[in-house]
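Participant: First to last, the protein sequences are chains C, Z, E and R. When you line the first sequence up against this note's numbering, it's residues 1 to 501, in that order. When you line the second sequence up against this note's numbering, it's residues 1 to 153, in that order. When you line the third sequence up against this note's numbering, it's residues 1 to 426, in that order. When you line the fourth sequence up against this note's numbering, it's residues 1 to 454, in that order.
One should not assume that every hint holds.
Said to hold, decoys possible - Calculated lysine-lysine pairs in the DSS-like style (CA-CA distance at most 27 angstroms, straight line):
no.: 1; chain 1: C; residue 1: 48; chain 2: C; residue 2: 423
no.: 2; chain 1: R; residue 1: 69; chain 2: Z; residue 2: 2
no.: 3; chain 1: E; residue 1: 42; chain 2: E; residue 2: 84
no.: 4; chain 1: C; residue 1: 423; chain 2: C; residue 2: 105
no.: 5; chain 1: Z; residue 1: 27; chain 2: C; residue 2: 20
no.: 6; chain 1: R; residue 1: 69; chain 2: R; residue 2: 376
no.: 7; chain 1: Z; residue 1: 116; chain 2: Z; residue 2: 2
no.: 8; chain 1: C; residue 1: 48; chain 2: C; residue 2: 20
no.: 9; chain 1: E; residue 1: 84; chain 2: E; residue 2: 98
no.: 10; chain 1: E; residue 1: 127; chain 2: E; residue 2: 98
no.: 11; chain 1: Z; residue 1: 116; chain 2: R; residue 2: 285
no.: 12; chain 1: Z; residue 1: 33; chain 2: C; residue 2: 20
no.: 13; chain 1: R; residue 1: 437; chain 2: Z; residue 2: 79
no.: 14; chain 1: C; residue 1: 423; chain 2: C; residue 2: 47
no.: 15; chain 1: C; residue 1: 423; chain 2: R; residue 2: 449
no.: 16; chain 1: Z; residue 1: 79; chain 2: R; residue 2: 69
no.: 17; chain 1: C; residue 1: 105; chain 2: C; residue 2: 47
no.: 18; chain 1: Z; residue 1: 116; chain 2: R; residue 2: 69
no.: 19; chain 1: R; residue 1: 144; chain 2: Z; residue 2: 116
no.: 20; chain 1: C; residue 1: 48; chain 2: C; residue 2: 207
no.: 21; chain 1: E; residue 1: 84; chain 2: E; residue 2: 160
no.: 22; chain 1: C; residue 1: 207; chain 2: R; residue 2: 453
no.: 23; chain 1: Z; residue 1: 2; chain 2: R; residue 2: 163
no.: 24; chain 1: C; residue 1: 453; chain 2: E; residue 2: 127
no.: 25; chain 1: Z; residue 1: 36; chain 2: C; residue 2: 20
no.: 26; chain 1: R; residue 1: 144; chain 2: Z; residue 2: 2
As the list claims (entries may be wrong) - FRET-style restraints, in silico, Cβ to Cβ:
no.: 27; chain 1: C; residue 1: 41; chain 2: R; residue 2: 387; range: 43 to 51 angstroms
no.: 28; chain 1: C; residue 1: 210; chain 2: R; residue 2: 446; range: 21 to 29 angstroms
no.: 29; chain 1: Z; residue 1: 29; chain 2: C; residue 2: 453; range: 32 to 40 angstroms
no.: 30; chain 1: Z; residue 1: 65; chain 2: R; residue 2: 218; range: 36 to 44 angstroms
no.: 31; chain 1: R; residue 1: 141; chain 2: Z; residue 2: 54; range: 53 to 61 angstroms
no.: 32; chain 1: Z; residue 1: 65; chain 2: R; residue 2: 129; range: 43 to 51 angstroms
no.: 33; chain 1: R; residue 1: 268; chain 2: Z; residue 2: 150; range: 35 to 43 angstroms
no.: 34; chain 1: C; residue 1: 255; chain 2: Z; residue 2: 54; range: 38 to 46 angstroms
no.: 35; chain 1: C; residue 1: 273; chain 2: Z; residue 2: 65; range: 51 to 59 angstroms
no.: 36; chain 1: Z; residue 1: 54; chain 2: C; residue 2: 304; range: 43 to 51 angstroms
Because the hints were derived from the structure by calculation, they are not lab data. Built from N, CA and C at the ideal position, the CB exists for glycine as well.
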Amino acid sequence: MLDYLLPRYKVLREDDLCVKCGVCERSCANDVHTLDEEMDAFLIDHKKCVNCQRCVVMCPTGALAITNWPQVGNGSNNWTLAAMQEIAKQSQTGGVLLTSMGNPKPFPIYWDHLLLNASQVTNPSIDPLREPMETRVFLGARPEALKVNEREHLVKTPMPPQIKLDVPVMFSAMSFGSISLNAQKSLAMAAQELGTYFNTGEGGLHKDLERFGAHAVVQVASGRFGVDTHYLNAGAMIEIKIGQGAKPGIGGHLPGEKINAEVSRTRMIPEGTDAISPAPHHDIYSIEDLRQLIFSLKEACRYQKPVAVKIAAVHNVAAIASGMVRAGADVVVLDGFRGGTGAAPTRIRDNVGIPIELALAAVDRRLREESIRSQASLVVAGTIRSSADIVKAVALGADAVYCASGPLIALGCHQCQDCASGKCNWGIATQRPELTKRLNPEIGAQRVINLVKAWNHEVQEMMGGMGINAIDSLKGNRLMLRGVGLNEKELDILGVKHAGE
Amino acid sequence: MKRIYAIEAWCVDCKRCEVACKTFHSKSRNTVKALKAEFPPPQNRIRVEGGRQLSIAVNCRHCAAPKCVEGCVSGAMTKDPVTGVVSTNPEKCVGCRTCVSMCPFGCVRIEETFPKAVAFKCDLCGDVLGQPGEPSCVTACPNNALIYIESEG
Amino acid sequence: MPRCDATHTPPREGAVRIPSGCAISGIMDKSGARHDGTDILKSIALMHDRSNGLGGGFAAYGIYPEYKELYAFHIMYENQEARKATEAYLDAHFMCEKQERIPTEPVRSIVNPPDIWRYFLGPHPVKLSMSGQDEAEYTMLHVFHINAVIPGAFVASSGKNMGAFKGVGYPEDIGSFYRIADYQAWLWTAHGRFPTNTPGWWGGAHPFTLLNWSVVHNGEISSYDTNRRYVEQYDYECTLQTDTEVITYLFDLLARRHGFSQEMAAHIMTAPAWDKIDAMEPSRAAFETALRNVYSSALINGPMSVLLGSDEGLLALNDRLKLRALMVGEKGSMVYLASEQAAIEVVCPDIENVRSIDGGVPFVVQLDEVAARKAQESAENTFCDLCRPAQLVGVVPQASKKAESMRATGGQRADAKWAEGGQNHA
Amino acid sequence: MAGNQAITSFDYLIIGNSAAGVTAAEYIRAQDGEGSILIVSREPYAVYGRPLISYLLEGKTTEDRMGFKPDDFYMARNIDTLFGPQYEVVSLNAAGHQAVMRDGQAIGYGKCLIATGSVPFVPPIEGLEGRTNVFGFLTLDDAKSAWNAAREATAAAHEAGRKSRAVVIGAGLIGLKAAEAISYHVDEVVVLELAPRILPAVLDDRGAAILQGQLAGHGLDCRPGITASALQGEGAQVSSVALTDGSTLECDLVIAAVGVRPDTALAVGAGAEQGRGLVVGTDLKTTLADVYAAGDVTQVVNLLDCSKQPLALWPNAMRQGKVAGQYMAGSPDAEPFEGSFAVNAVDFYDCSLLTSGIINPAPEGGYEEQVFVQGKAYAKFVTKNGLLMGYILLNRPANAGIYTTIIEERIPLAELADDLFEETPINLDFPDDLRWKRLHAFYPSGLDKRGWKE
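Turn these sequences into a full structure, and let the hints steer you where they fit.
Facilitator: Here it is in structure tokens:
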């Protein structure tokens, strides 16, 4: 069959700048560039380009750029070129459209409709360079009140297990298998340095990363890959993954070719077999089942680790979250519909779930109304793009955020949405040794550390501007937010006033 | 002394080090001009061996007892007693290739310039002979496959 | 006040949050001996420029020894209907021993004052026992109810053997208006207000009180909404949207309901920084960590100087960064506190040991007899009424509150307090 | 130091001012900051790169660039020098720790190093003695004399309307380099060689034939198997050479470079034992008390076949100079000199020739040979028992040092890449661990192979 698919991208090479050093050719796992000796010129296979931009970044002379394929559509807003290309692909393959990373559609991003306050005259802003500016956060259940001996400075109430974050950001779940060990290790090293946590995803904990266990959240998902008592006790916190923002209601499928010896050992499945995560946990068909699993896991770790439950933000999120808290979740994790993924059906990614901002506001309010907000911490995920998003999330009521795409971009990810091919030129979403070695975790970790430290500085600056020097006082402080360009309903759900009020 | 070490585990065979080395050792120090317009074309002192699966960048080890210096009949090849940098003086070099036959790593090569061939090799990007700068290959390496660190000798 | 829209009337205290600067002053005799209000008036008057005539008031402890077992409600009425409705409500829930109009004196600058009454009363015993609450909780919830539901009525104070005297005007004028020189108290606190808006509502003046608590405060806390949303989980109603109100509730929650000493409550609100905690020996660090952890949302941020009056004595507190002035001096059994040293020296020229209060370190002055008693007591806190009232009286969950408020305002959702963040107003 | 001052005694006396002598002095000074050092030489020059003399004539260097050491080398190390013909040491009294120079002065010493190098082997050719246009090609003065003679002869010949011609006797390394050098200054050069191939010591037959052809392309007329039987001409001037094939060759000058031998006369005169050079121990001490020897003058053990021979090569002189200096000064770093093997690098016009080790093995020695010819390049590798013993690399110089190190380190070929000889050798040809070890000398012990501190 003649393939009707058009190239998506066009590689532009500035001949005046190209010195034919071949760095581009050697950098591309998709074989886009070929230096032809006879022609003394590059042959370019545009169709293979996924716009990962590795060659653009690596080119010593800046001779490369990638642009959209110049083909125009017919001008219809209905049958756009993109829509037609999807049909071309499906009529060619007969398959479900697969994609990666987060929802790219132009849905409203509420973060960008929220503005922060700052102190002027009536109270002073605080200079983070002069005063301590605290961003430490604890996650886990907390008693409502504390019994102490004031004279002897002793706590009488038994404290439930909690984890300490020096920065209000954790790295969201990405399994070894979906990302390379070097990528996961970068995050683990960064988490250790930053005093925060990475998440194993559902891929188990590789033995090389066990020494980062104190900074690991070990995930238990529907596939139960790599889960045993040792694993559950190897991390700082256990997370039950019910759903993922990018693909609510959908399981996972890691193709057998990515299950090499290391992935196989870590996931505890045979080498070369597909790793299938069922859509639901087949032992959780209702909330009381969740409670059983939560307490099974708490038993397994002798109540020494908090147990988090992660769900995709869906329509009835507030009620579900309330049920999760009552089922014993110490941390409620909400993943918004813009969250990323290594692979998801395009239609699911682009059409299912709700924005994290609204989910967060609704859940925080509901838990407060039911006076159970203290019983669990609230962590949100799904396109935390900057420190401002973090500050807004905390002000809306989150204890901390999970972030994955940001750190991945720090590692080199260019959001080309081609993770599923396994040919990630940045050594992130691949298991090919010649590609994974492109990501030196020492550099990766440093870049992630730099990013999070920079974010944390910015968080501190914004907090200082508000006259706040501990993030405790930002949490749920919605008075520090004002909406712009939002309607009454949106403002009502977010629980913020409009700018000018 | 500070030495450049190549780390195979991280070498990705991009050869940006070679390009950077050529640029640094060109007249213009502009990559485009140096590689497209200069004659003789600038030579890289560091070379990447291997391919995509396994590769390593090799350049002068600046040995404690350099064989190239031992073999040099012209006094062109010297090891700076203070910095430890082994460098060659093109004025004195006559291109006899004794150094080529002596270097255990293949890190000295001969440039066929007129009127005589001369040896060239890594000088740690010293601007002044014997004064090591920040080696340009290390700066250009995208993956810490070249590290420039204080060695134990 | 610019008015660009004829239908837009400026919001009154409670409908919006109004930042304000202030003067505060406090005088206490640790021996329990009582003094009249002359000195406190002089002290606060000296700091005239720290207020702008839009609010002033006093709290006095020990003024009603003859009714010291009864709650003394000071209630302001804006109209006759309010008084009728309130007194009917009081009759239903309390046994009132005495009620009278609070004596006042006309002062030129005080215009249009409300009708101000006081009631000495105790909870209706049957109703109290039916409620399952303790006496204080019962009383507090009914005070909330009056303030929230009865239009035009406001309970200015509700403690025993104490009272608040406050209104719109300069504090020295308010003092003259209430004839505070006629009262004898062992503890006086005073407040002069400099709000950045003109609500002109007597209920919004300070001190803010709740049961035996009275709070005067200078500052503007930036943690307000965090603190508000925290206490609102425990049935407090932040109707006034003021720092003073939320600080009072925090003290009530921590000291009365969670059973901490006032000093510990204050310590929780101004918890030590993590780097200090990290440097502590492990068991102390665990203690402080647990406190910060559990009471994270009770941490107060931003400039604050607070004088907390209670039947135990006086507690002064500055924020962790010491962003507001607060001076203390002593002379014999007398302790003087004020925003400015001059306001102490004007009433006690030979004051001794004058110093400023450290940031984040509670300064506690207890009555001698209280101090002696506390020394004998257990150092462990005892919780009181931690569980939410099963039978909701006066204060109900948000959803039903909303409905109730709609009824009370004739279907108009005028009361911003119900909506999260209070974003909604007419 | 002025020569006419009374000379008394030095802690170290070094006879000879070339590679071995100055290197020894350098290492003596490095260990012994105080002891007095004297270098004496019959040549009136500071140390220069002796092999450069041909390049001087080719115009690839100049006399002032030929200095092997910086100008302040002697001064900076407080080394006394006596350079000139009158300072040639003519006798040595080892027992009395005294040397006597040609000018009659006696010098006392504590320890003495004989680094007198080589002297030309003078072939028994009739009419060779007493000629003014017959030159050796070993010293700077030799080269300068030949150079002047060539230029004058060429000028004279052109004036006379004919071509100038030089005859070089000997197609060894020195002879061929001399021939190349002089070819820039005369019109024709004929190289005679007694042996059946050019470069008999450093090439094999096939390689020699290839190189000879390439040299012919540059106008160099090499005639192996033929040498001079007599030099003919009136007076002191040679005007023609009678060849062993019976023909006669007109010429304007002759360079006699049939070979060198260790300059052992002084030491032997003092009673030192001589083999195929001065006999020295691994500490490079001669059989005389406190007398050491280094460089061309010594007899060296060939590490590859344990034969004993003089090794008139610059790197060997450098290495021996270092060892001798260290032993003389009592340096703790001194390591025994066990022997060496030949590494030759030479270039003629655009041809490069690198050879090392055993290249013409005895047929019965158990050696194997592999030969690769591609274009101008000729490569031959000699192996024995799975080890590389020697190579010839004609016009294939790239990374030759890797082969040298494989010979020297006796690295089993089985551990190395299969295509080691076919292709340019690279570091990846070594097994992982060995490669890491070789390339990571002095690597910080705190770092792992990923460059991490973990």
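Participant: It remains to establish, for every hint, whether it holds in the given structure.
Facilitator: Cross-check of the supplied hints:
1. 48/C to 423/C: 11 angstroms, holds
2. 69/R to 2/Z: Holds, because 25 angstroms separates the two Cα atoms, which is no more than 27 angstroms.
3. 42/E to 84/E: 37 angstroms, violated
4. 423/C to 105/C: The hint holds at about 25 angstroms.
5. 27/Z to 20/C: 19 angstroms, holds
6. 69/R to 376/R: Between residue 69/R and residue 376/R the Cα gap is close to 36 angstroms, so the pair fails against 27 angstroms, i.e. violated.
7. 116/Z to 2/Z: The hint is violated at about 32 angstroms.
8. 48/C to 20/C: 20 angstroms, holds
9. 84/E to 98/E: 16 angstroms, holds
10. 127/E to 98/E: 20 angstroms, holds
11. 116/Z to 285/R: 40 angstroms, violated
12. 33/Z to 20/C: 13 angstroms, holds
13. 437/R to 79/Z: 22 angstroms, holds
14. 423/C to 47/C: 15 angstroms, holds
15. 423/C to 449/R: Measuring from Cα to Cα gives roughly 26 angstroms; hence the hint holds.
16. 79/Z to 69/R: 12 angstroms, holds
17. 105/C to 47/C: Distance of about 23 angstroms is within 27 angstroms: holds.
18. 116/Z to 69/R: 21 angstroms, holds
19. 144/R to 116/Z: 20 angstroms, holds
20. 48/C to 207/C: 36 angstroms, violated
21. 84/E to 160/E: 23 angstroms, holds
22. 207/C to 453/R: Distance ~19 angstroms between residue 207/C and residue 453/R Cα, so the pair holds.
23. 2/Z to 163/R: 58 angstroms, violated
24. 453/C to 127/E: Measuring from Cα to Cα gives roughly 58 angstroms; hence the hint is violated.
25. 36/Z to 20/C: Holds: residue 36/Z and residue 20/C sit about 9 angstroms apart, inside 27 angstroms.
26. 144/R to 2/Z: 44 angstroms, violated
27. 41/C to 387/R: 43 to 51 angstroms: 47 angstroms, holds
28. 210/C to 446/R: 21 to 29 angstroms: Between residue 210/C and residue 446/R, where Cβ atoms are some 22 angstroms apart, the hint holds.
29. 29/Z to 453/C: 32 to 40 angstroms: With Cβ atoms ~34 angstroms apart, the hint holds.
30. 65/Z to 218/R: 36 to 44 angstroms: Given about 37 angstroms between the Cβ atoms, the range holds.
31. 141/R to 54/Z: 53 to 61 angstroms: About 55 angstroms separates the Cβ atoms of residue 141/R and residue 54/Z, which means 53 to 61 angstroms holds.
32. 65/Z to 129/R: 43 to 51 angstroms: With a Cβ separation near 45 angstroms, residue 65/Z and residue 129/R satisfy 43 to 51 angstroms, so the hint holds.
33. 268/R to 150/Z: 35 to 43 angstroms: 51 angstroms, violated
34. 255/C to 54/Z: 38 to 46 angstroms: 26 angstroms, violated
35. 273/C to 65/Z: 51 to 59 angstroms: 56 angstroms, holds
36. 54/Z to 304/C: 43 to 51 angstroms: 45 angstroms, holds
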